[in-house]
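Undergrad: If you want the building blocks of each chain, they are given just below.
Protein chains: 2
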Amino acid sequence: MSVLAELSAGSGTYRLRRATGDDLGPIVELLAADQLGATRESAADLEPYRRAFEAIDTDPAQLLLVAATPGGEVVATMQLTFIPGLARRGALRAQIEAVRVHEQHRGHGLGREMFAWAIAESRRRGCALVQLTTDKSRSAAHRFYDRLGFEASHEGFKLRL
Amino acid sequence: MSVLAELSAGSGTYRLRRATGDDLGPIVELLAADQLGATRESAADLEPYRRAFEAIDTDPAQLLLVAATPGGEVVATMQLTFIPGLARRGALRAQIEAVRVHEQHRGHGLGREMFAWAIAESRRRGCALVQLTTDKSRSAAHRFYDRLGFEASHEGFKLRL
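Chains as they are written, first to last, in our numbering: chain G, 12 to 172; chain L, 12 to 172.
Since the hints were derived computationally from the structure, they do not count as laboratory data. Note that the structure is predicted; figures quoted are calculated from it, not measured. A few of these clues could be false.
Identical copies go unnamed one by one, so any copy, or any two together, can satisfy a pair.
Below, computed lysine to aspartate or glutamate pairings styled on EDC-like, alpha-carbon distance capped at 20 angstroms [to be verified]:
| # | residue 1 | residue 2 |
| --- | --- | --- |
| 1 | Lys169 | Glu132 |
| 2 | Lys169 | Glu108 |
| 3 | Lys169 | Glu124 |
| 4 | Lys169 | Asp33 |
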């Protein structure tokens, strides 16, 4: 379980590392604790999540991250996907999905530190662009991404099947 | 060069198929002919595109499509990416990028037919969601996605590196 970075946020420190199968329960709890996730997730049955985790874990284009306290409690997560494309002169792009920080660990810069690492890693892998979408109702998230230098230049369309 | 679908649009028919290396020139011309692409693409040097094409072509999560006339002229393109994730009970999602239809082949339903195929293929692969982002200035595209049943529920943030 190799640590990718030691992150300092407020008076706390966190270890950023690649998620393992053992992190699945805590990650799903973070997803389910979210205002929108509450209706979409169910930690009662981890089986569909476990299948998805296998697909993520065996795909070199995916990087599922967790941040844990020194005591080992998983308190934040994010997923990076590296997508090759022809547009923008064959630019590789990094896409960030499923960002969650436990509410008791918000507001002192942990999310910002995780994004700083993710952006640096995207640059290291040769990406020309980092992109994400966030629900229009998440106004605090919009301010957060604005401050990080992201531009809300696009409409994000979704079609549920 | 196997045909995935025969598409009828207006009085024309088109063959939808997986892109090959020989399609690279025509695809880049489609990308460069676009209002926004004009400043971002350069068909004069195909080398960066060729590297990106290799990455796309060897990745089973990527599906780069072209639609061609019966005479073999490539007149439209789109890229599908299949992304595993934990959110939404471990949902696989399909993402669509780099959609372009030659201006002389617009307005009689070719784009709609390509999307119908892409949505059916996403369903066949078990996706719970199809998603895309489009520049806020592309108002005709917004109406197109609205009509297809997509919901503009998200803000699309981009950070250029």
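Undergrad: Have a look at Lys169 and Glu124 and pick one of within, between, both or neither, based on CA distance no larger than 20 angstroms.
TA: Intra 29 angstroms, inter 18 angstroms, cutoff 20 angstroms: inter-copy only.
Undergrad: At most 20 angstroms between alpha carbons: which applies to Lys169 and Glu132, within, between, both or neither?
TA: between (27 angstroms within a copy, 16 angstroms between copies)
Undergrad: Within a copy, between copies, both or neither: where do Lys169 and Asp33 come within 20 angstroms Cα-Cα?
TA: neither (31 angstroms within a copy, 32 angstroms between copies)
Undergrad: Which holds for Lys169 with Glu108 at a C-alpha limit of 20 angstroms: within a copy, between copies, both or neither?
TA: both (14 angstroms within a copy, 13 angstroms between copies)
In the structure shown, a violation is registered for the earlier hint numbered 4 alone.
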